[in-house]
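J.: Take a look at the letters that make up each chain.
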Amino acid sequence: MRESKLMFLQYLTGLLILIFGTFHFLLLSYLAPTTNKVLYLYLGNTHQLIGGTLYYSTVKEIYTTLLWGAMFEAFLTVLVYHAFNGFRVILSEQFQGPRAEKIITYTMLVIALIIFIYGSRTIVVLLTGGG
Amino acid sequence: MTIENKKGWISWFNPFKYGLDRWMYALHRLTGIVLGIYLILHIFETANILRGPVTWNSIMVSLDWPFGVHIGPIILSLVFLAAVYHGLNGLRLTIVENGLLLPRPYRPEYPYKAKSIRGLNLVLKIILGIVMVVIGVIGVLYIFTGVLI
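If you read the sequences in order, they're chains A and B.
Position in the first sequence (from 1) plus 6 gives the number in my numbering.
Position in the second sequence (from 1) plus 12 gives the number in my numbering.
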């Protein structure tokens, strides 16, 4: 793909990340399906977790809801593109020349695919009732 | 064919000679790298939810208290602030790099001032700066207290 198209996608995914990122934050706080909205609710002064928005059942409830699961899958897709295209731009400014460019592009593509598949696995397994 | 690249990455983080925009660029790149690494770690960290409630909860606690020290909220706050900066500065870059909100070209006269610190462009920076501070404060307050305003 041409560089201008890749950069257009970089801006587009950036804007989408702003929207999805806001929901990601709200799901951890205001929208979390729990009465107490703190991140960590400990039992007294111990380190025993008894609730909060990062508690297992809270997180699981979000990720087994189809709407949120689908949103996180979309979020993951745009994030992985944005991050690894960003890395590609940074690295190809540092290591210049057509050979380096090729190595960087394909390395980033492979790592991005691995991260994307690994992250999708978590979301899909939870959505289909596993975990 | 080799192309000489004498300064490379060192010059990204040498914004002293170039003014505000160069500082914003350096910070944008720095936060971008940090957030990219965080994304990769975050995906591996959250995959642990497939290993059941006991494992997940104990991993969450150890992330809140790494090495027995309560620095989880500090790390989260730094990531949050990096995300807010990168996001809102990215919004500015999306506007400016598409040629919008830039002042009209003018004859350069001594002392030279960059186009980007004039007029609407400066207004944009100030507005986004205020929004950054507001969202940053809300987020950090939430992370530390659990209260969302």
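Quick caveat, the hints were computed from the structure, so don't treat them as lab data.
There may be inaccurate statements among the hints.
Said to hold, decoys possible - With the Cβ distance kept under 8 Å, some of the chain B side facing chain A (calculated, not the full set):
#1 Ala-59
#2 Leu-93
#3 Gly-99
#4 Leu-103
Since the model is a prediction, treat every value here as computed from it, not as a measurement.
Think of the CB as a built atom: it goes at the ideal place given N, C-alpha and C, for glycine as much as any other residue.
J.: If a hint holds in the structure, say so; if it doesn't, say that too.
T.: Verification of the hints:
no.: 1; hint: Ala-59; result: holds, 5 Å
no.: 2; hint: Leu-93; result: violated, 13 Å
no.: 3; hint: Gly-99; result: holds, 5 Å
no.: 4; hint: Leu-103; result: holds, 7 Å
Comparing the model with each numbered hint stated earlier shows that hint 2 is the single one that does not hold.
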